[in-house]
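Read top to bottom, the protein sequences are chains A and B.
Straight run, no breaks: the first sequence in this note's numbering ends on number 446.
Straight run, no breaks: the second sequence in this note's numbering ends on number 345.
Everything labelled a hint here was simulated from the structure, so no lab data went into it.
Source: prediction; values computed, not measured.
Where a beta carbon is used, it is the ideal one built from N, C-alpha and C, also for glycine.
Some clues are possibly wrong.
[To be verified] Covered stretches of chain B (chain A as the covering partner; in silico rule of three or more C-beta atoms under 8 Å from a C-beta of chain A):
#, region
1, 261-273
2, 305-319
[As the list claims (entries may be wrong)] Mimicking EDC-like on lysine to aspartate or glutamate, the simulated pairs with C-alpha atoms at most 20 Å apart in a straight line are:
#, chain 1, residue 1, chain 2, residue 2
3, A, K324, A, E251
4, A, K264, A, E251
5, A, K87, A, E380
6, B, K199, A, E299
7, A, K159, B, D204
8, A, K361, A, E344
9, A, K280, A, E299
10, A, K264, B, D204
11, A, K425, B, D204
12, A, K307, A, D277
13, A, K177, A, D302
14, A, K159, A, E351
Read off the chains here:
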Amino acid sequence: MGAVTQQSPLSRRTFLRVVGNASGAALASGLLDSCSSGPTASGTPVVNLLWSDVTNIRAPLIADFTHATGIKVNQTIVQYNQRLNKIQTAVQGGGDFDVVQMDTVWTARFAMAGWVQDLTSRLTDAIKQDVSPVTLGAVTYNGKLYGMPLFNSAKHLFYNAKLLKEAGFDHPPATLDEFVAQAQGTTKPGQWGSLWAWKQSEALLCDWLSLMFTQPGAQFLDSHGKAVFHTMGGTEALQGMVDLLYHHKVADPASLESTEDDVRKMLQTGTYALTYNWEGVLPEANDPQQSKAAPHIRVALLPGGRDIKSSSVNGAESWAILAQSRRHEAAWKLLEYMASPAWQKKAALIAGDYPILASLYSDPELHKHVQDFAIYGEQFKYLVVRPQLPDYARKSDIIQRHLHAALLHKVSPKEAMHAAASEVDRATATP
Amino acid sequence: MPLPTFGTRFGGAFLGRKQAPGVTRVPSGELSERALGVAMLAPMVLVLLLVVAYPLADSLWLSLHRVNLANPEQGQPFVGLGNYLHAFRQPAFWYSVHRTLYFTLLSVALELALGLLFAVLLNERFRGNLGARVAMIFPWALLTVSNGVLWAWILNPTYGMANALLVGLGVLQTPKAWLSDTFWTMHVVILADAWKMVPTMTLLLLAGLQPIAPDLYEAAEVDGATRWQKFSRITLPLLRPVILVAVVLRTIGAFRVFDLIYVLTGNGGPANSTKVIAFYAYDQAFHYLFFGYGAAISWLITVCMLVLIAIYMHWLRTEGER
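For reference, chain A alone in the conformation it holds in the complex (with noise of 0.2 Å):
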């Protein structure tokens, strides 16, 4: 067979040169691109937004803050998982952010690496007297002010009414003690009288830390920051986990492996009397297209203790100003309007926000739009803030570590407080 030759009418070398030139020129494109930050070429000033709008639903309100204000903001939006991250990406080098949202547990570590700016000189009249200084409390390290709550967050008590009249109980409880009670009279077979978060994650810290704090003279850390919740409220609020576990027998095993995320879906199949979780539970869950337990959820407060009404924990997001930031400006303008009644509000009615301006629980267009308003305005006048520590993440996996191993019947709460306390008080040298 003779050699088979083909004249291409674009030869190898043309080729490849095309393709050089056209990959270096989107390349140069590219790094230009990512260097075109600052006001744009209209002269339009703009705020780089990161947040965790992953389902767009607020972009109302930035147009609003563009129209209002002239600002751009360019948004980049992640899941709340990649945020961290991203974050941490971004202050070494990695990107362009002026404003990024702050989860509660992150504050004092943004704010001891100096990754955020010290907002404290900016804080309006108006901000103070109408944000609760616990909500200010969830982005203030030191006594500065880090950054500014974009809404409320607690946990709150999501109950079954069917299940608890059928109990013989008219009304959710307001102390563990009646919450022991109905979820003994409301657990038979094939259903619970409690679930809970308690996975090895933050989610059972903030339950453990909601229980302790029902007690008076409960204290996570002493004013010299050693760990004294072992003596101090946090050895009495495992033990009672631990009874609700295997005394009382009226928590879901189940609990031991579910997420917040798990415990709202279950709420669902109609099998479970009460569950603690953070707002935004009620829509889904009195949907009959979508729960079995439709429409008898209902929201309560946190049941509290012998003189303490109730207690839930902050986890409230917010958001701050990079340090890097060469916009503060405009940054703090989108934190100001943000902060006000015109964001909050509309917030409240497009995306269930919570606001965390404490004027609006008693606006009569919410309460009209959302079931039980006034309950969630309530829980947010008992909350506890999580210890601002820089170091708070590895603190914290010690103690979920220790709660979970008394959970699994493995060492006696008292043991595992105690070793809990010990390993929080070593755990401060960097390695």
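With chain A fixed as given, assemble chain B onto it according to the hints.
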């Protein structure tokens, strides 16, 4: 006559071979084939240097420093082997090594046993053999994260299939919370890993089985050998090189396990019972921001991998020389 291909012509030029007669000379003023080749390869080499060599060297350098991103005030002092020595003094580090070895030994043993069984079965001629081989590929084709989510659903205590089946069959009286038990969690993670990785093992072993000449089995049958004798005296010895390769490759993979445990347990729980060494390194670097220490742990994992790879290379060479 073979068609001239880009590879042979380009390769020849790049390796400095004498230009074949008849090849058009490059007009003066244009790059020679060799220079063009170097120019075209340069971006790839540069990218590899940037994304592989540089991070490796940088992480080694990082591992010799105390780096806490959350506390820039302490600077980044050189600590030599301090991070490595710190790891050796940590009970949590040794516990994670223990958990890793436990996972690796059990998962590789299970995968080898099942892989061998399926490979021998699929090597037989039977109706539907092709369909069985295709079905075998499915778990392997699944993303590890998807596999984790799938098993999380199967094992869900309230609406999972595993409990429904076991309670339905009367094996369990009440549904079990599999992932809240320190014993069961590690073992269901191993099961989930085996479900995904047995096909890989099967394919490797099947490839090793196919060249074994049927004459050997026929001769053994003439001599009155039983099925077990044929398997233990013919199949296993001839399959040994492939088994060695498969075991080393899977050991390397199992030693690095992270994503499956992350999806199934979230935090290496319950009570850290599934906190393998890759999870420990992740926590230190990305959760606590101890980048120097995290880099040291990563290098310890890398050294373990290099040892396994050295064993693998040695075996390959030994088998090749036989």
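If you draw a straight line from the CA of K280 (chain A) to the CA of E299 (chain A), is it 20 Å or shorter?
Given pair K280 (chain A), E299 (chain A) holds - Cα atoms ~9 Å apart, limit 20 Å.
message: For a C-alpha distance cap of 20 Å, please report whether K425 (chain A) and D204 (chain B) respect it.
response: Roughly 11 Å separates the two Cα atoms, so the pair holds.
Verify the coverage statement for the region 305-319 of chain B against chain A, using a C-beta to C-beta distance below 8 Å and requiring 3 or more qualifying residues.
holds (count 9)
* Asked: Would the pair K177 (chain A) and D302 (chain A) pass a check requiring their Cα atoms to be no farther apart than 20 Å?
  -> With Cα atoms ~15 Å apart, K177 (chain A) and D302 (chain A) stay inside 20 Å; holds.
**Message:** Given the hinted pair K264 (chain A) and D204 (chain B), is their Cα-Cα distance within 20 Å?
**Reply:** With Cα atoms ~17 Å apart, K264 (chain A) and D204 (chain B) stay inside 20 Å; holds.
Legend entry - Agreement of K87 (chain A) and E380 (chain A) with the hint, judged by alpha carbon distance not exceeding 20 Å: violated (30 Å)
Compare the distance between the alpha carbons of K264 (chain A) and E251 (chain A) with 20 Å, and conclude whether the hinted pair is satisfied. holds (17 Å)
**Study point:** Proposed proximity, E351 (chain A) with K159 (chain A) (alpha carbon, max 20 Å)
**Key:** This hinted pair holds, its Cα atoms lying about 17 Å apart.
Would you check chain A against the region 261-273 of chain B, counting CB to CB pairs closer than 8 Å, and say if three or more residues qualify? Our answer is that it is violated, as 0 residues pass the Cβ test (under 8 Å) against chain A, missing three.
query = When you check the alpha-carbon spacing of K307 (chain A) and D277 (chain A), does it fall within 20 Å?
reply = Since the Cα atoms of K307 (chain A) and D277 (chain A) sit roughly 15 Å apart, the hinted pair holds (cutoff 20 Å).
Legend entry - Pairwise hint evaluation, D204 (chain B) against K159 (chain A), where the allowed Cα distance is 20 Å at most: violated (43 Å)
Holds or violated: K324 (chain A) and E251 (chain A), Cα atoms, limit 20 Å. holds (18 Å)
Checked against the numbered hints listed earlier, the structure breaks hints 1, 5, 6, 7, 8; every other hint is satisfied.
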